[in-house]
Amino acid sequence: MSPDTVSIRRSDLRADFDRSFAEPARRYDREHVELLAVRAGDHPYALRLSQAAGLFPDRPVTPLPGPAAALLGVAGFGGGIVPVYDLAALLGHPLPERPRWLVLVGGAPALAFAFHRLDGHLRVPADTIVTETGDAGGSLRGMVPLPGGTRAIVDLPAARAAVHALTGHTDADEER
Amino acid sequence: MSGDPLRYFRIEARELVDQISAGVLDLDQQPGPDLVARLLRFAHTLKGAARVVKQQEIADRAHEFEEVLIPHRTEDAPLATDQMRELLRLNDEIEARVAALEPAPAPGADVPAPPPATGPVAGPVAGQLEPGVPPETAPPPRAATADVDDLLDAIGEAHARFGPLRTGAHALDRLHRTAENLADQLRSARAGGADTARLGALRLAADLSALGRRLTDSVEQVERELDEIRGRAERLRLVAASTVFTALHRAVRDAADGQGKRVRFEGRGGDLRLDPHVLALVNGAFLHVVRNAVAHGIEPAADRAAAGKPAEGTVVVEVERRGRFAAFRCTDDGRGFDVAAIRRAARARGRLAPGAPEPDERALLDLLLRGGISTSAGVTEVSGRGIGLDVARDVADQLDGAVTLGSEAGRGATVELVVPLALLSVQGLVLEAAGTVATVPLDAVRTCVRLLPDQAATAAATGRMAHEGRALPFLSLAGVLYAGAAVPDSGPPGVAVVLAADGEAVAVGVDRLAGTSTLVVRPLPKLAPAAPVIGGVAMDLDGNPRLVLDAQGLVAAARNGRHVQAGAVPAAVERLPILIIDDSLTTRMLERSILESAGYQVDLAASGEEGLTKARARRYGLFLTDIDMPGIDGFTFVARTRADPALSGVPAILVSSRSSAEDRQRGAEVGADAYVVKGEFDQEELLAHIRRLVPS
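Which chain is which? The protein sequence lines are V and L, in order.
Number 150 in my numbering belongs to position 150 of the first sequence; there are no gaps in the numbering.
Number 1458 in my numbering belongs to position 458 of the second sequence; there are no gaps in the numbering.
You may find that some hints are simply not true.
[Unchecked claim] Here's a subset of chain L near chain V, in silico, CB distances under 10 Å, partners left out:
no.: 1; residue: 1045
no.: 2; residue: 1436
no.: 3; residue: 1525
no.: 4; residue: 1539
no.: 5; residue: 1543
[Said to hold, decoys possible] Listed next, the in silico DMTMM-like pairs over lysine to aspartate or glutamate satisfying Cα-Cα at most 25 Å (straight line):
no.: 6; chain 1: L; residue 1: 1526; chain 2: V; residue 2: 155
no.: 7; chain 1: L; residue 1: 1261; chain 2: L; residue 2: 1271
no.: 8; chain 1: L; residue 1: 1526; chain 2: V; residue 2: 12
no.: 9; chain 1: L; residue 1: 1526; chain 2: L; residue 2: 1234
no.: 10; chain 1: L; residue 1: 1261; chain 2: L; residue 2: 1207
no.: 11; chain 1: L; residue 1: 1054; chain 2: L; residue 2: 1026
[Unchecked claim] A few chain V positions that, by computed beta-carbon distances, are all more than 12 Å from chain L:
no.: 12; residue: 15
no.: 13; residue: 66
no.: 14; residue: 118
If you are wondering where the hints come from, they were derived from the structure by calculation, not from laboratory data.
Think of the CB as a built atom: it goes at the ideal place given N, C-alpha and C, for glycine as much as any other residue.
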């Protein structure tokens, strides 16, 4: 083995090693899906980790009086101000108790959803997820059988679309 | 001494040039020996400083500037036109030479960094759209020295506040040693040592608690100071609107000079501080707008004389904050928009459909605003009105704002650009209510009045407060912030803050005032629709959003009579909860909802037995009990609690469907304070009994 091949091999290995950290776990493979098992209000749901941009417990949320009942308020994230919506209220079963967990949703404008409990982080084979045919509407897309029962999957982009509709926000607003 | 000999000269020269530029324009409008003397002083200072750092060209120009002014030291008469031009020319040359001294941003250059986002932003807008006119230089948006001084003062103050913390650490050491000595004494346990040790322990405990208090105070003070520093530092990011007045004034002057007109410029509201980016864009647009006003609005002197107007025209630029928006308004006293010319131009360009009804003035102005029509008879050096408005509209689009035109034939025209404020620096008064904190801009606060409990109760109940002989609408801040949701327990408002906006006033009830602070208000994020009482959000020290109230919104809310109901809630809140005992779920829930919406805290018991257990477990302000219940009935419950010394002081009300005189009699005998009949259930009557019985 020439010194050249060794150095190439070494840099390949280093690149692989670095990449394994740089790449999010959610890209681990195509056969599996990373899910967060959560509880919004009294109901169990699952979220796709790949759709979340961050998960935060006990973040202070400043209540904001206004017309949207599902809007819990605003929270500070890295110097920015992010609206926080109650997932349970958005899905139609609000609880008086304020939710403890926040999940940041990717995309613009900034948006976070709050839910009451985190049951766990799971990796399930992609083919166990039951997808519904056609657009069922709402923010739920598919179901997943998990220990303890089948959970409906909250599609965060769909939930975001629901918030956009709620606030009269259109994509045209974004382009300006 | 640093390796950069020009370091301080640059700062000084920049300030002197600013003062000279503004002064020359003032001289043009209001000649007089005082102003001449001031300009001579600036020029002389600049000349001296330039010589010291071997900037001979600048020194020479400053000297020439002085030469022009010296003959006018004692006269009131205006300078000759060519002398004014020469002053302006020298002014420009000095400005350019001083600007050329700014170093290219080299790594490690030992110069004070300019605040961010101060680059020339307006240039491209103006340059692209109007090739005939040289690109505008952006306003010089930079922090005033006074702001930096304020910031440094605040940092010094915060530093001083750390003193007690440092001495606190020493005190802690000392106490630690005392505790060790005490432990030694206890271990050796000599005869009679126990008493000494006990005294020592007591002393130690007292010292510790005193130290704790001191540390808490110090930490609070440091936090407040840091908050102030943060506000001031953020304020440095913003610049006063008046920084663009000089450039606008100069544009007016040059346009007037080019057209042989006499026009005075006036800038108002220059104290408002804005994001330099916004200011630069608005400045770019307004340079066109004011030039338009001079070129197309202000009539030639002969026409003005014929119309009975003063020979000198006026262009006023006003800057004003309107809640979350800043309004820039240019008003001239010229001839107004030439509506007939707009109509002709629109027709010539095929903008009016043939056979369509004649558009009115409003519609024509809208058409003008949409661009492509210039009312200028010939293309002048100063640009047609249409292009100027295009730029204004363009800026409005970029900033999510709006342009409106106003015109009165023969009297003048108005161009107004309203832009939302991304960042706005305000002095805020920090208010606390029902456990939440909000800030209100100090400039809207007229006064603060301490409220006695009964005044607070009256104000909350009626939604009105007497103040200086007027009845002001009264809102409870807690009611406003919780907007219909249950307000957490708190006492009645202790202070009324009187705010004014739009010529109206409103009193806002708060628990307490928590000082003032400098803060930068940001707009609410998209996807966060809020009630109009919220003007924006500011970040606190922990990076959490804090609501900033909008005075206009509060006045409007009071006018609409909203929140008055909610406002009644906190005033009625009492210290002690009420215990409801009733075997009927419906009655329990009904009574609970009545009491809770009146601001009381409520506990429930489904039987007399449960009621007695709960009554003994917690202090209550009142028992509200049904009579007919399985097991212990209401009469018995009241009788037993009257017999119990711990409970006999708690008033009791009997609520029953029994309405006979005997039952009322029996209720009184067992010691009930009131008797309410369910059939004629009147929640006001019930609440009246409760208010009478439960001390606030």
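Which hint numbers does the structure go against, in order from smallest to largest? 1, 7, 8, 10, 11, 13
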